[in-house]
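Protein chains: 2
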Amino acid sequence: MASSVFSDSSSPAAARLLPLSVRSRTSQFQRSISIAWRPLDLSAIRSTVSPRRSLSASAAVAMTTETSAKVIDGKAVAKQIKDEIAGEIVRMKDGIGIVPGLAVILVGSRKDSQTYVRNKKKACEAVGIKSYEANLPEDSTEEEVLKNIARFNDDPSVHGILVQLPLPRHMNEEKILNAVSIEKDVDGFHPLNIGRLAMQGRDPLFVPCTPKGCMELLHTYGVEIKGKRAVVIGRSNIVGMPAALLLQKANATISMVHSNTRNPEEITRQADIIISAAGVANLVRGSWIKPGAVVIDVGINPVDDAESPRGYRLVGDVCYEEACKVASAITPVPGGVGPMTIAMLLSNTLSSAKRIHDFK
Amino acid sequence: MASSVFSDSSSPAAARLLPLSVRSRTSQFQRSISIAWRPLDLSAIRSTVSPRRSLSASAAVAMTTETSAKVIDGKAVAKQIKDEIAGEIVRMKDGIGIVPGLAVILVGSRKDSQTYVRNKKKACEAVGIKSYEANLPEDSTEEEVLKNIARFNDDPSVHGILVQLPLPRHMNEEKILNAVSIEKDVDGFHPLNIGRLAMQGRDPLFVPCTPKGCMELLHTYGVEIKGKRAVVIGRSNIVGMPAALLLQKANATISMVHSNTRNPEEITRQADIIISAAGVANLVRGSWIKPGAVVIDVGINPVDDAESPRGYRLVGDVCYEEACKVASAITPVPGGVGPMTIAMLLSNTLSSAKRIHDFK
Numbered sequence: 001m002a003s004s005v006f007s008d009s010s011s012p013a014a015a016r017l018l019p020l021s022v023r024s025r026t027s028q029f030q031r032s033i034s035i036a037w038r039p040l041d042l043s044a045i046r047s048t049v050s051p052r053r054s055l056s057a058s059a060a061v062a063m064t065t066e067t068s069a070k071v072i073d074g075k076a077v078a079k080q081i082k083d084e085i086a087g088e089i090v091r092m093k094d095g096i097g098i099v100p101g102l103a104v105i106l107v108g109s110r111k112d113s114q115t116y117v118r119n120k121k122k123a124c125e126a127v128g129i130k131s132y133e134a135n136l137p138e139d140s141t142e143e144e145v146l147k148n149i150a151r152f153n154d155d156p157s158v159h160g161i162l163v164q165l166p167l168p169r170h171m172n173e174e175k176i177l178n179a180v181s182i183e184k185d186v187d188g189f190h191p192l193n194i195g196r197l198a199m200q201g202r203d204p205l206f207v208p209c210t211p212k213g214c215m216e217l218l219h220t221y222g223v224e225i226k227g228k229r230a231v232v233i234g235r236s237n238i239v240g241m242p243a244a245l246l247l248q249k250a251n252a253t254i255s256m257v258h259s260n261t262r263n264p265e266e267i268t269r270q271a272d273i274i275i276s277a278a279g280v281a282n283l284v285r286g287s288w289i290k291p292g293a294v295v296i297d298v299g300i301n302p303v304d305d306a307e308s309p310r311g312y313r314l315v316g317d318v319c320y321e322e323a324c325k326v327a328s329a330i331t332p333v334p335g336g337v338g339p340m341t342i343a344m345l346l347s348n349t350l351s352s353a354k355r356i357h358d359f360k
Numbered sequence: 001m002a003s004s005v006f007s008d009s010s011s012p013a014a015a016r017l018l019p020l021s022v023r024s025r026t027s028q029f030q031r032s033i034s035i036a037w038r039p040l041d042l043s044a045i046r047s048t049v050s051p052r053r054s055l056s057a058s059a060a061v062a063m064t065t066e067t068s069a070k071v072i073d074g075k076a077v078a079k080q081i082k083d084e085i086a087g088e089i090v091r092m093k094d095g096i097g098i099v100p101g102l103a104v105i106l107v108g109s110r111k112d113s114q115t116y117v118r119n120k121k122k123a124c125e126a127v128g129i130k131s132y133e134a135n136l137p138e139d140s141t142e143e144e145v146l147k148n149i150a151r152f153n154d155d156p157s158v159h160g161i162l163v164q165l166p167l168p169r170h171m172n173e174e175k176i177l178n179a180v181s182i183e184k185d186v187d188g189f190h191p192l193n194i195g196r197l198a199m200q201g202r203d204p205l206f207v208p209c210t211p212k213g214c215m216e217l218l219h220t221y222g223v224e225i226k227g228k229r230a231v232v233i234g235r236s237n238i239v240g241m242p243a244a245l246l247l248q249k250a251n252a253t254i255s256m257v258h259s260n261t262r263n264p265e266e267i268t269r270q271a272d273i274i275i276s277a278a279g280v281a282n283l284v285r286g287s288w289i290k291p292g293a294v295v296i297d298v299g300i301n302p303v304d305d306a307e308s309p310r311g312y313r314l315v316g317d318v319c320y321e322e323a324c325k326v327a328s329a330i331t332p333v334p335g336g337v338g339p340m341t342i343a344m345l346l347s348n349t350l351s352s353a354k355r356i357h358d359f360k
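Chains B and D, in that order, are what the protein sequence lines are. Following this note's numbering, the numbering of the first sequence begins with 1 at its first residue and continues without gaps. Following this note's numbering, the numbering of the second sequence begins with 1 at its first residue and continues without gaps.
Any given hint could turn out to be false.
As the list makes no split between identical chains, a pair holds if one copy fits it or if it spans any two.
Subject to a maximum C-alpha distance of 30 Å in a straight line, what follows is the list of computed DSSO-like cross-link-like pairs (lysine-lysine) [as the list claims (entries may be wrong)]:
#, residue 1, residue 2
1, LYS354, LYS121
2, LYS290, LYS122
3, LYS325, LYS175
4, LYS226, LYS93
5, LYS122, LYS226
6, LYS175, LYS360
7, LYS82, LYS121
8, LYS354, LYS175
Since the hints were made in silico from the structure, they are not lab data.
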């Protein structure tokens with residue numbers, strides 16, 4: 001291994017990330033970090049590379065290739081945030097006797113959805129959030145789902161409600177999502193939240209978890225956003241669109257690349273910050289990336305891999321091997337944005353409980 | 001006068017614009033036009049220029065300069081739309097005995113606001129929409145404004161409500177605008193409408209009038225949007241942001257240029273379609289425009305003019321004299337987007353009345 005992907009290893013990761021304080025307003029989560037890092041100055045980063053002391057599993061994978069980009073360690077940032085949330089929950093319980101509660105509604109028996117719900121439950125337990133669950137059979141009626149949403153809307157011990165998607169085909173997703181009380185919409189998918197996100201001078205009650213996680217990573221790693229060119233690849237309601245709105249709110253100059261874009265490579269190459277949420281394995285090649293750009297890869301795409309015991313492995317939208325020779329910083333897949341999404345869900349649930357009970 | 005700014009003068013304007021049908025869904029207002037016009041092929045346009053038979057006042061102004069760009073005649077398009085609205089209102093009255101009603105709330109005595117309100121009233125009368133008005137003194141309380149909004153919300157003869165902005169400084173604009181029933185928010189400023197505009201698979205009840213007018217002009221003039229690069233200059237809640245969302249919904253690749261953008265000229269020059277809503281006179285120079293681009297100028301900026309009886313004249317954000325040598329088509333100021341805004345307000349009011357009374 002000739003060089004490391006890490007640059008700030010002289011300071012332990014925990015120290016580098018401190019002080020982290022979980023805040024409720026997305027537009028205000030800029031953090032001070034102990035070592036100022038210049039993300040767009042490749043030479044400065046290269047000159048400081050040295051091996052890191054302790055490695056997570058995902059980081060170890062990243063180190064098997066020769067790279068120059070700083071690896072944005074979502075797992076470590078997420079852990080730090082979860083630790084802070086756990087501390088806040090203790091403080092809240094001690095202070096006003098309230099424990100935040102998150103309700104998840106799962107309809108049907110999709111294996112992937114069951115896994116996601118189980119992971120969310122585990123993450124809640126780990127930080128002290130109480131989980132509530134409604135498991136409904138695949139052939140439930142819309143009315144049954146709506147009845148459960150209404151029950152959680154009315155339950156004062158529930159501060160966040162999420163409906164695991166996708167719903168069975170016979171259900172109207174829009175109607176069901178709109179039934180979640182805006183005060184408990186911790187997924188931030190309600191159009192009222194999206195509208196407030198889009199508008200100047202308005203703030204949403206909740207920001208969708210994955211794009212919020214992307215912004216947290218940028219802020220934590222000290223990436224300047226104001227005035228920078230940012231390209232978002234993909235325009236889904238749950239990632240691409242809100243990510244673009246958040247970047248725009250942070251005063252980046254945004255462009256949105258999608259399936260109808262004729263020259264995605266050319267446009268992406270103009271970006272100082274790339275957030276890719278296209279769901280296409282290895283879509284973003286090294287040639288798409290401006291030297292020194294920061295790359296946030298939201299994609300989690302399975303590709304065949306005979307050497308893996310499962311027969312496949314997970315890769316992002318970005319061709320990692322190529323990208324880390326060009327970018328100044330990049331999130332790995334897995335271990336980048338993924339862990340942040342769940343941390344943001346917990347953060348949104350805590351914020352909701354604080355807001356409902358007016359606990360500062 | 002060596003050349004004309006008009007190209008399709010072999011067919012009368014009315015025929016060229018027909019069939020115009022006022023539709024309630026923005027995403028569906030693509031129209032068929034009798035002469036297909038290729039907006040990005042400058043040579044094709046240049047070869048067909050010839051004098052037009054009848055000219056509006058604003059068009060005559062445009063013709064005093066030597067140009068090659070087609071002038072997008074907002075006044076003519078708006079007239080056509082208003083004629084259609086008038087026809088629909090007669091049909092509705094004859095069919096179900098309902099006349100659409102628009103209520104305007106004016107607080108204070110700003111001269112410009114009074115003029116706008118008077119013009120809206122006149123425009124309503126011209127198409128057969130009944131106007132309602134609440135004129136409140138400058139020192140009214142928020143509660144008085146909210147009481148008037150509540151009254152119009154409950155009044156079944158009112159199908160659209162608009163609060164003339166700006167409100168006096170002591171009032172909370174957000175709180176007051178949010179009080180307008182979402183079903184009567186013909187301005188389309190409610191965050192729920194903006195959220196639906198941003199989201200795929202959702203449709204707002206109303207699209208804000210000025211950006212809707214911009215899109216109508218593009219559609220009427222047969223400008224292809226899908227896959228094109230579109231740059232929106234300015235990111236206000238009432239024009240720039242919703243314009244970008246509309247272009248994105250129409251499958252353009254959008255970029256947003258604003259006060260924090262470091263290289264606005266370079267980015268704007270990549271655009272096939274430019275919508276400028278910056279409010280800065282002559283901001284967009286000829287050098288900012290890609291040859292053949294279509295330019296929609298939303299700005300209405302007063303500049304000193306000793307030769308004018310008023311001491312000033314109105315210009316757009318775009319340096320018109322330079323732009324029309326480069327662009328393939330451009331809206332004049334005045335006579336471009338301006339007349340469209342009020343036509344769209346009438347259109348939204350009609351749509352609202354149709355929706356409330358389920359009249360097809």
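Going down the list of hints, with the structure as the test:
no. : hint               : in the structure
1   : LYS354 with LYS121 : within (20 Å within a copy, 47 Å between copies)
2   : LYS290 with LYS122 : neither (39 Å within a copy, 55 Å between copies)
3   : LYS325 with LYS175 : neither (46 Å within a copy, 50 Å between copies)
4   : LYS226 with LYS93  : neither (38 Å within a copy, 53 Å between copies)
5   : LYS122 with LYS226 : neither (37 Å within a copy, 44 Å between copies)
6   : LYS175 with LYS360 : between (33 Å within a copy, 24 Å between copies)
7   : LYS82 with LYS121  : within (14 Å within a copy, 57 Å between copies)
8   : LYS354 with LYS175 : both (28 Å within a copy, 23 Å between copies)
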